[in-house]
Amino acid sequence: MARIRKPIPGVDPTLLIKDAGKLLPDPTRRLFLRGGASLGALTFLTGCDIVDGFSAEKALRKMSEFNDGAQALLFNPNKLAPTYPASAITRPFPFNAYYGLEDAPEVDGKDYALEVGGLVENKKKWTLDELYALPEVSQITRHICVEGWSAIGSWQGVSLADFLKRVGADTRAKYVWFQCAEGYSNTIDMPTALHPQTQMTLKFDNQILPRAYGYPMKIRMPTKLGFKNPKYVVAMHVTNTDLGGYWENQGYNWFSGL
Amino acid sequence: MTAMADTEGTVSDKAVIHPVWVRITHWVNAIAMIVMILSGWQTDNASPLFNFVFPASITIGGWLAGALLWHFAAMWVLAVNGLVYLVFGLASGRFANKFFPIRPREVLADTRAALSGKLSHDDLSVYNAVQKLLYVGVILAGILVVLSGLAIWKPIQLQELTALMGGYEAARYVHFVAMACIVGFLVVHVVLALIVPKSLRAMLRGR
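Chains X and S, in that order, are what the protein sequence lines are.
Counting in our numbering, the final residue of the first sequence is number 258, and the numbers go up one at a time with none missing.
Counting in our numbering, the final residue of the second sequence is number 1207, and the numbers go up one at a time with none missing.
Simulated from the structure, these hints should not be mistaken for laboratory data.
Possibly wrong hints are sitting among the right ones.
To be verified - Here are the simulated DSS-like pairs of lysine-lysine, each with C-alpha atoms no more than 30 angstroms apart in a straight line:
| no. | chain 1 | residue 1 | chain 2 | residue 2 |
| --- | --- | --- | --- | --- |
| 1 | X | Lys58 | S | Lys1154 |
| 2 | S | Lys1154 | X | Lys165 |
| 3 | S | Lys1098 | X | Lys174 |
| 4 | S | Lys1118 | X | Lys79 |
Please take these sequences and the hints and turn them into a complete structure.
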């Protein structure tokens, strides 16, 4: 690709970056300055004539919130993700996380007890055997990563909508929040939680979920990007408060629907 | 000297070449498109479709999340502005008058003339056949880049569109190729605008 980098006349880029860094809040440095300032950051900051209180970061976050609303409107609770034959399953299905496989959580299935909290009638904890005993649903769907790649996987487990009914969840609540063994977390909207393909996944390709894919339980939502599908889930809460999530808090779009 | 003055004319006594809606949508599109392209390059770097990455210095966003924030903000500007342009262009008859007909023989002749530096730019209100072809082509590429972008963004809610693009993975390639066509156009377009500066003036001042 052609290099179109041009110096900006009369502007010392190093000074500009320092000034911009001062004006913009911490997460912004991450957005604009990770790996050095980009041409875009320079062009836009110089072009925008920064005044006190203005932040490109703030404007972009507002747009991202607007996009959350637009995606919620676009979300059809009855529209199913396309499903595939077993021959289409990607093998090996990729492992992806912000850490290497060797650092993935090792959850002891014998001690495991899923915590269910928030706006639910029955806050009893669920052991793995109890979860395995619930009616099983299955799907072969495409997992799409925010990075762009995709892979087709086969997942079996419990319908989250059924489970929420079973524990007497207030499904008028806005969100369901998931906590994971390594500290990862996610908040999702209730319509997605109740989507017929949203699954508390206990198996991959009819085998007990391997550690790489989130043993003992992941939440599979084919209607959302991969990072909104938490693995190693140890707790879920029904709530009216958006508790954010690991990547969402760093700037990835909250709704991230497909 | 007289001939010079005649062709140059004065600003006020010449007819408007580009009405104000063309100029506004042109420049809004230029900004939105460049933001989309440069943030799109950063997005591609997260999982490159081809065997190369775009140098970070010519991308927007700094990292994937930043790039996506720019991309999904600028997309509204691009799409709304593009729709306004298409509606005005069709309704006003400008597309029909300026872009058509495109005759293959004229395209060949004008291409030959352009390459030998003999193509006339005396009358900016009339497009030559190469211009017509390129402008129609880039409008189609713009429509394709938006549709394939929607297919990637919403492969479930808009799964019919995604299927039309050949599925999710194919849609990524369609999106990339449409981008590459637009970038190719942009290079030629900017070079020619610099070679014929009065065309740039016309897009700024209308005449």
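Original post:
Hey, Lys58/X versus Lys1154/S, does the alpha-carbon distance stay inside 30 angstroms?
Top reply: Given that 30 angstroms is the threshold and the Cα spacing comes to 25 angstroms, the pair holds.
Subject >> 30 angstroms Cα cutoff - pair Lys1098/S, Lys174/X >> reply: Cα-Cα ~53 angstroms, so violated.
Original post:
Can the restraint linking Lys1118/S and Lys79/X be considered satisfied, given a maximum Cα separation of 30 angstroms?
Top reply: Between Lys1118/S and Lys79/X the Cα gap is close to 58 angstroms, so the pair fails against 30 angstroms, i.e. violated.
**OP:** Starting from Lys1154/S, check that the Cα of Lys165/X is at most 30 angstroms away, please.
**Re:** Judged against 30 angstroms, a Cα distance of about 29 angstroms means the pair holds.
Hints 3, 4 from the list above are not met by this structure, while the remaining hints are.
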